[in-house]
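Taken in sequence, the protein lines are chains A and B. Counting with the working numbering, you get residues 1 to 458 for the letters of the first sequence. Counting with the working numbering, you get residues 1001 to 1097 for the letters of the second sequence.
None of these hints come from the bench; they were simulated from the model. All figures in this text were calculated on a predicted structure; none of them were measured in a lab. A hint or two may mislead.
As the list claims (entries may be wrong) - 30 Å max Cα-Cα, derived DSS-like pairs, lysine-lysine:
(1) Lys23(A) / Lys77(A)
(2) Lys1023(B) / Lys33(A)
(3) Lys1023(B) / Lys257(A)
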Amino acid sequence: MQNEFIINGVYVLSAVMFILGLKLLSHPSTARKGNLTSATGMLLAIVITLIDQNIIGYEWIAVGLVAGAVVGAVVAKRVEFTSMPELVSLLNGIGGLSSLVVSVAMLVTVEVDLSIVMLLLIAILIGSVTFSGSFIAWSKLSGNLSTIIKGRPMVFKGQAFVNMIIIFAILAFGILLAITPSNPHFLHAFLALSVIFGIMLVIPIGGADMPVVISLLNSYSGLAACGAGLALDNNLLIVAGALVGASGIILTSVMCKAMNRSLSNVLFSGFQTVSTQEMKIEGEVKSISSEDAYYVFEAAQSVLIIPGYGMAVAQAQHAMKELQTLLEENGAEVVYGIHPVAGRMPGHMNVLLAEADVPYELLLEMDEVNPRMESYDLAVVIGANDVVNPAAREMKGSPIYGMPVINADLAKNVFVLKRGMASGFAGIDNPLFFKENTRMVFGDAKDTLNSVIRQFSD
Amino acid sequence: MSFIYLSMILILSIFLGFELIRKVPATLHTPLMSGANAVSGITLVGAIVFAGNDNNLWAQVLGTTAVFLAAINVVGGYLVTDRMLSKFKTKEKQNAK
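Pulled out of the complex, with its shape left as it was, chain A reads as follows (with noise of 0.2 Å):
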């Protein structure tokens, strides 16, 4: 009884320190701070979750976290700031597996309530739609599946019949496992369809919106930490659990308003293809090499760089911090403008940019350089195409009319670099393009860059 005194109040202080993290992140300056706060709560509740009476032996316990230590260390250690939205999706599907695991043992093990049993289910159900749901996230952005499956929405005729057929059966065994808790038939049923239906959740969603499904997940994986937390009756998986599962909902809030759609129309319609386009875009694509693009970089005052997931594909972000740096020596004043969706998760292109040692304060919003976009002399898209379209603003019938988007169109000379005339994961035309004062600047984004940074210093 004290120790679970002991316990509980110390679960109290790793709250508070979970919060203080969160307030902490309001700023990059305090921002690591807060993250060493939150971890410090997090060893502590770990620690003394020891003393708890019903433990017996400790060798499992150390086995399996020692394991988990090094493993995560490693993965922690090794990975390429390139590949940060898969790891963070495989994170939220390991987060939800555990939960899931810790569920599922708890309902196996112990005799519980109805109410309890019903908990353990929705946890459960949670858990297993994180989890399958972030592994084909993973899959899709890293492309390890198949190229039907690789980036693109996989939309079926009667899907939705088929989803509406999961539904009814995971509510079915949902019932008879609430009947009876212990039929281990029952349970693999409800586990085997929850975690097919993750799958179908993910699979019809495209590359494009990997940002709201990647913020979704980890709302989920929270979720599923507090749905055991109920279970369990612990109050710190509940608060920890919820101020993930907060996270990620305003996450997905922002993605979605950045995108102009609705929740339901990203996670349920797939990307429909408009056919009838009516729009007529005028004008024809002038392309610039290089060397001449050179002399407008050297000629400008004031330089605007929008990143795309382009800048990511192309590993170009350190040749740009590069010419950023020869910018600056030649008098020009540099800065970023990064859409909430550019990229394929949320802050994407700023860990980027951040790797490649471009300062914080560089890297403006949406919000901040639309309004002085007259005043830059050069604006440079380097692998964005649908967050830099002024069709979203000035052509009623467009797929993304209404879309926030980055008005590069307005600057006084713009360079958009890119391989080809591919349209963008939208599937629609760019009237960007085809402005008087676009030229296109074909090839791949870091061997323009290079090619721009070794005449500057010629």
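Put chain B on the given structure of chain A with help from the hints.
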């Protein structure tokens, strides 16, 4: 009664979470997610109790599995978040380097 009390904690935590996370700038959204991943590894404290139950093999096996998984989340999540945050620098700090 206990359930009502736990729900109360849940609801208050969600509101608190909303208020706190709203203030996190967009530039830190990726570290926020990986940090949240680490926090969701809190399941570890639930798993430990099962893994330490020597009287029930199933509890032990499942508990140890969950401890292993959650430990990956906790250690991996915090370390990678720290690695990312260490890269976010201001101009002055960079020049000082």
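Verification of the hints:
{"no.": "1", "hint": "Lys23(A) / Lys77(A)", "verdict": "holds, 26 Å"}
{"no.": "2", "hint": "Lys1023(B) / Lys33(A)", "verdict": "holds, 16 Å"}
{"no.": "3", "hint": "Lys1023(B) / Lys257(A)", "verdict": "holds, 17 Å"}
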